[in-house]
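**Q** Residue numbers (my numbering), protein chains in the order written: chain E, 1 to 115; chain U, 116 to 229.
Simulated from the structure, these hints should not be mistaken for laboratory data. The reader is advised that the hints may include incorrect statements.
[To be verified] A few chain E residues that face chain U, going by a derived Cβ cut-off under 8 Å, partial list only:
{"hint": "1", "residue": "GLY16"}
{"hint": "2", "residue": "ASN28"}
{"hint": "3", "residue": "ALA31"}
{"hint": "4", "residue": "TYR101"}
{"hint": "5", "residue": "PHE106"}
[Unchecked claim] Pair ranges (Cβ atoms, derived):
{"hint": "6", "chain 1": "U", "residue 1": "ALA116", "chain 2": "E", "residue 2": "ASP98", "range": "21 to 27 Å"}
{"hint": "7", "chain 1": "E", "residue 1": "ARG13", "chain 2": "U", "residue 2": "ALA132", "range": "39 to 45 Å"}
{"hint": "8", "chain 1": "U", "residue 1": "SER195", "chain 2": "E", "residue 2": "GLU62", "range": "43 to 49 Å"}
{"hint": "9", "chain 1": "U", "residue 1": "ARG192", "chain 2": "E", "residue 2": "PRO108", "range": "25 to 31 Å"}
{"hint": "10", "chain 1": "U", "residue 1": "GLU181", "chain 2": "E", "residue 2": "GLY16", "range": "47 to 53 Å"}
{"hint": "11", "chain 1": "E", "residue 1": "ARG96", "chain 2": "U", "residue 2": "TYR154", "range": "43 to 49 Å"}
{"hint": "12", "chain 1": "E", "residue 1": "GLU62", "chain 2": "U", "residue 2": "ALA116", "range": "31 to 37 Å"}
{"hint": "13", "chain 1": "U", "residue 1": "VAL144", "chain 2": "E", "residue 2": "SER73", "range": "30 to 36 Å"}
{"hint": "14", "chain 1": "U", "residue 1": "ILE175", "chain 2": "E", "residue 2": "ASN28", "range": "47 to 53 Å"}
{"hint": "15", "chain 1": "U", "residue 1": "SER169", "chain 2": "E", "residue 2": "GLN17", "range": "27 to 33 Å"}
[Said to hold, decoys possible] Far from chain U by the CB rule (all over 10 Å, computed), these chain E residues:
{"hint": "16", "residue": "LEU11"}
{"hint": "17", "residue": "ARG13"}
{"hint": "18", "residue": "ASN18"}
{"hint": "19", "residue": "ASN26"}
{"hint": "20", "residue": "GLN41"}
{"hint": "21", "residue": "LEU45"}
{"hint": "22", "residue": "ASN53"}
{"hint": "23", "residue": "GLU62"}
{"hint": "24", "residue": "GLY63"}
{"hint": "25", "residue": "SER73"}
{"hint": "26", "residue": "GLU103"}
Note that the Cβ used here is the ideal one computed from N, Cα and C, for glycine as well.
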Amino acid sequence: DGGITQSPKYLFRKEGQNVTLSCEQNLNHDAMYWYRQDPGQGLRLIYYSQIVNDFQKGDIAEGYSVSREKKESFPLTVTSAQKNPTAFYLCASSLRPDSSYNEQFFGPGTRLTVL
Amino acid sequence: AQSVTQLDSQVPVFEEAPVELRCNYSSSVSVYLFWYVQYPNQGLQLLLKYLSGSTLVKGINGFEAEFNKSQTSFHLRKPSVHISDTAEYFCAVSEVNAGNMLTFGGGTRLMVKP
Numbered sequence: 001d002g003g004i005t006q007s008p009k010y011l012f013r014k015e016g017q018n019v020t021l022s023c024e025q026n027l028n029h030d031a032m033y034w035y036r037q038d039p040g041q042g043l044r045l046i047y048y049s050q051i052v053n054d055f056q057k058g059d060i061a062e063g064y065s066v067s068r069e070k071k072e073s074f075p076l077t078v079t080s081a082q083k084n085p086t087a088f089y090l091c092a093s094s095l096r097p098d099s100s101y102n103e104q105f106f107g108p109g110t111r112l113t114v115l
Numbered sequence: 116a117q118s119v120t121q122l123d124s125q126v127p128v129f130e131e132a133p134v135e136l137r138c139n140y141s142s143s144v145s146v147y148l149f150w151y152v153q154y155p156n157q158g159l160q161l162l163l164k165y166l167s168g169s170t171l172v173k174g175i176n177g178f179e180a181e182f183n184k185s186q187t188s189f190h191l192r193k194p195s196v197h198i199s200d201t202a203e204y205f206c207a208v209s210e211v212n213a214g215n216m217l218t219f220g221g222g223t224r225l226m227v228k229p
């Protein structure tokens, strides 16, 4: 089955610890995205990558880092610098942006809770 | 920069009643418009999209939306809801030629009661 997988589904972290969220896709998509979801605020873009070995900051990148070493994978690290990391994190992917719109497909999400 | 406002954070409705979820956007350029649905602890699923052409767009699960450029709105409607429609609904906008980037509204929780 083609799709996007995120792991783990639930993640607990102690304050001061870094944690990495996994996102893998087998849709052969060039572009990948990370969003943070908080109640009442919709989804906000953290980072995005339109091609391997390149990524750009989104609206709320502070306290997060990413890498894009493979087309299929776009892991997100939540660092200890992120002041309020408890949230639901969603990964998405799409074909490379061109003159038309290419739909973003979403993974099932990871719920991160800081204890 | 564009923005999206979903005017209702929660909409309670009885089963088999009609429903409208409101969405207004702000942008200085042409836009594409989307509605997504999210079931608890799951990702987002595209319900429908407006890219061009007819302003009345039909989507999955019996939903439809109408693009009104003069009112900068894209309200979502369903003539008769089911219990299974209980979910969170997100309106999103992407500016034309902005490289697939989406801006989301804050979401509307649709609660269908028996």
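**Q** Determine whether the Cβ-Cβ distance between VAL144 (chain U) and SER73 (chain E) falls within the hinted range of 30 to 36 Å.
**A** 33 Å, holds
**Q** Is 39 to 45 Å a correct range for the gap between the Cβ atoms of ARG13 (chain E) and ALA132 (chain U)?
**A** 43 Å, holds
**Q** Does 31 to 37 Å hold as the CB distance between GLU62 (chain E) and ALA116 (chain U), or does it fail?
**A** 19 Å, violated
**Q** Take the shortest C-beta to C-beta distance between GLY16 (chain E) and chain U; is it under 8 Å?
**A** 27 Å, violated
**Q** When you look at the beta carbon of GLY63 (chain E), is every beta carbon of chain U farther off than 10 Å?
**A** 20 Å, holds
**Q** Min Cβ distance, ALA31 (chain E) to chain U: is it shorter than 8 Å?
**A** 6 Å, holds
**Q** Just checking, ARG13 (chain E) versus chain U, shortest CB gap more than 10 Å?
**A** 18 Å, holds
**Q** So is ASN53 (chain E) really clear of chain U, every C-beta pair being over 10 Å apart?
**A** 18 Å, holds
**Q** So does SER169 (chain U) sit 27 to 33 Å from GLN17 (chain E), Cβ to Cβ?
**A** 51 Å, violated
**Q** Given PHE106 (chain E) was flagged as interface, is its beta-carbon under 8 Å from a beta-carbon of chain U?
**A** 4 Å, holds
**Q** Since LEU45 (chain E) was said not to touch the interface, does its Cβ keep a gap of more than 10 Å from each Cβ of chain U?
**A** 7 Å, violated
**Q** Is 47 to 53 Å a correct range for the gap between the Cβ atoms of GLU181 (chain U) and GLY16 (chain E)?
**A** Since GLU181 (chain U) and GLY16 (chain E) have Cβ atoms about 50 Å apart, the given range 47 to 53 Å holds.
Consistency note: the structure conflicts with the earlier hints numbered 1, 2, 11, 12, 14, 15, 20, 21, 26.
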